[in-house]
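*Asks:* Listed below, chain by chain, are the residues.
Protein chains: 2
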Amino acid sequence: MENVLKEITPKSIDYSQWYVDVIRKADMVDYSPVKGFMVMKPYSYRVWEFIQAAMNTRFRATGHENAYFPLLIPEHLLQREAKHVEGFSAEVAWVTHGGSELLAERLAVRPTSETIVGAMYSKWIQSYRDLPVLMNQWSNVVRWEKSTRPFLRTTEFLWQEGHTVHRTADEAERETRQQLEIYREVIEGELAIPVVAGVKSAGERFAGAVETYTLEALMSDGRALQIATSHFLGQNFARAFDIQFLDEDGTLKYGWTTSWGSSTRMIGGLIMVHGDDRGLRMPPRVAPIQVVIIPIGRGADGKAVHARCRALADELGSIARVRLDDRPEYTPGYKYNDWEMRGVPLRIEVGPRDLKAEQVVIARRDTGQKTTVALAELPSTVARLLDEVQQELFRQASEYRGRETYTISRCQEADAHGYRGFFRGGWCGSEACADSLKIETGMTIRCLPLEPESNQASCAMCGATSRQQVLLARAY
Amino acid sequence: MENVLKEITPKSIDYSQWYVDVIRKADMVDYSPVKGFMVMKPYSYRVWEFIQAAMNTRFRATGHENAYFPLLIPEHLLQREAKHVEGFSAEVAWVTHGGSELLAERLAVRPTSETIVGAMYSKWIQSYRDLPVLMNQWSNVVRWEKSTRPFLRTTEFLWQEGHTVHRTADEAERETRQQLEIYREVIEGELAIPVVAGVKSAGERFAGAVETYTLEALMSDGRALQIATSHFLGQNFARAFDIQFLDEDGTLKYGWTTSWGSSTRMIGGLIMVHGDDRGLRMPPRVAPIQVVIIPIGRGADGKAVHARCRALADELGSIARVRLDDRPEYTPGYKYNDWEMRGVPLRIEVGPRDLKAEQVVIARRDTGQKTTVALAELPSTVARLLDEVQQELFRQASEYRGRETYTISRCQEADAHGYRGFFRGGWCGSEACADSLKIETGMTIRCLPLEPESNQASCAMCGATSRQQVLLARAY
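Chains as they are written, first to last, in my numbering: chain L, 1 to 476; chain F, 1 to 476.
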């Protein structure tokens, strides 16, 4: 729709501007008339649909069912779990009027749904036979944020939130980790973003959780992004909402609950991990368009090329998501740039000479590599290349993260790297050290990795004996 | 979860209570702590997902793309189209506070999105080359309703809303009708609900529309349900939101817009059209569970039956959505009732004697008919029967509608039928007659059918010369 191709600010000049340029010029989002609210245009919403499908398949395979809970939550319900309300109250948008009527009680636009779900579960669960309850919801949530960035932090965002109840702590813990593993599968396998799985320190836990598991990804500016979280809620919400069940032994017990969420923020991660100065680079599995075909040539030759391209698009349509760019008003060069900006994994260029030789040229977005391919081998080559691009993007991102992960003894050592990257160091376990880390370096404890890569003897902040390895970074 | 099987109030005793009993006992919904808001439990949400898939396929095939627009709309935007705000202002929920801050301008929780979409389209559209714009959104909307009923009229509901812009009035008109046709395909083909397509009279039009097309279905209590609508908006919204484009001839023109929506209300229609005194009857295409397998027998025999049933469930799993009900705490009889209440189209009963004879019994939910089927023919029989049940439910509903559709000369003739059914009569075209119809009979003009079945000489209200046939009914 914006037909004038404008420059993208290089990452090295201004990373924030680069991000904004890419998402606007690749037609991913637009700003809305309400500050902090974005419009997801079809090109980003389609990515979201692929993510939804990948998640849904795995949620269902592990026994979860989708449901839908109300958008508006009465204030008194939100206040039932003390830490939860403390964590969220500053971010809540309040509905005070319905039509012309002033409401007797304010209603919160859900910032998350533990409270309303808890209130329902308490009605639904009576016996151990009703457990586990395994539900998920796809919805919008609103959190009133001071400063926002499309996908990364917006006042409204789309997400899924899972809410489960279990008979034992152990089962709930396993659920929490299982869902984290599903997130890892989708984020690494579909979005090609390598992640570090870990546990949040107490200060970074979800409001009301006993334990928060997280996946942390490294963006291409060296900052961390918390890309999905899974919470073991213990009996906190079960007690607050009276979720009790009669166990087999005849006694009444509180359930053990979990919640886990992932949002459109993942798309922000995808852009920052794979994008380059030419624009987006879409992992094929979630690319709205996997292959673009560009006819080259004018006049009579052009017509023949055009007809052939249409046939090719039809043929390839059964194995890939193909777009034929036959817009007469643009030159091939313009189109190359345009689709590169949108990150389409493969471009097929078809000229009259190519056709005479029964071949086409395929250009890869990830490496820029061009190959001449015989028409007879085109379908199999396209299928293979899409797979290769997917792997290659993951490999590049993993290599980058490997290069930018440092083991340090003192947190100040990160200064030499401009605080860009993941830093692995020791931690004594005190919140005082976590606080001083933030004040002195701008970094936070991203997580206590589930798979520590080495052991540090001493805390990177105070030098006292380390109790566990932590992953440190400046974060979005 | 509610393990005690309670009676469903018969339709003939109290239809409203029957409806509420069915949806609660079939585990479709529950009431939430906020009046007018319902929780969609997995058993109804899954139906919604099948509807979404069926719609999405057709929307995409006709060139539409999904997008997502903000939940909250600034008050000044809502007021731009005079008739639109007049129609919706009494129903709007208002957000007045974000966190602890009082907002400078109230924000409406979207009751529908023409305004926010229009504001964005005005930015995006410059040239005739940008047209048509064909977008759809799946979202929640809030309309503050005085009296609510699950699915039929709830304060919040889920829906899809399409919003398109075209170069000419003609093209926009065609779009409006095409989308109506898609609704008809899905509602008749998937939900097995026969509909009458028509145009709304001026008094029943969508607020701000030039023409509203509707699909009207007849519920089993003889009342009409408006089940989907498609609006030709002319240039009303284009003018209000300044959606202009430079046409090929170099002049600036206003676009022609449409919008069309269908909601979870369709599920209410499905329940009322197909349900009976035993509970739901699910059309197989949207049934979360298409086949339930119930093992019969105890002890050693029971074990063998159980193992065989599991194998059958696996085998049938590739052609249908199958549930094996192996709950040990319930009798087969209890299970029969339970799944009948949920409307599962086919029940397979497997006992030890059946297995010895290499056969099972299949019971159809739609007709109650039981057939003995050889195991070797089970998969093909199940596939065929599912198709038959789908057809049969549509046939029954069509037959009922045919029987309950009356041609009348004077609207009072409907009194003899207790105002139950569809009544076809003449209309002079005056709004005064439409008003008096409502006051005198409780009926409304549901639509001016696109395919009138006969011509009446005179208006069923005033007796003056009829200008067109109308469909009259009492409606939800």
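In short, the hints are calculated from the structure, not lab data.
Misleading hints may appear alongside valid ones.
Note that the list lumps identical chains together, so a pair holds whenever it fits in one copy or between two copies.
Using 20 Å as the maximum straight-line C-alpha spacing, the simulated EDC-like pairs for lysine to aspartate or glutamate come out as follows [unchecked claim]: (1) 438 - 326; (2) 123 - 21; (3) 35 - 101; (4) 83 - 377; (5) 146 - 105; (6) 25 - 65; (7) 356 - 204; (8) 25 - 171; (9) 146 - 101; (10) 438 - 188; (11) 370 - 91; (12) 123 - 27; (13) 335 - 431; (14) 356 - 301; (15) 253 - 451.
*Asks:* Please list, smallest to largest, the hint numbers that this structure does not respect.
*Replies:* 1, 4, 7, 8, 10, 11, 13 and 15
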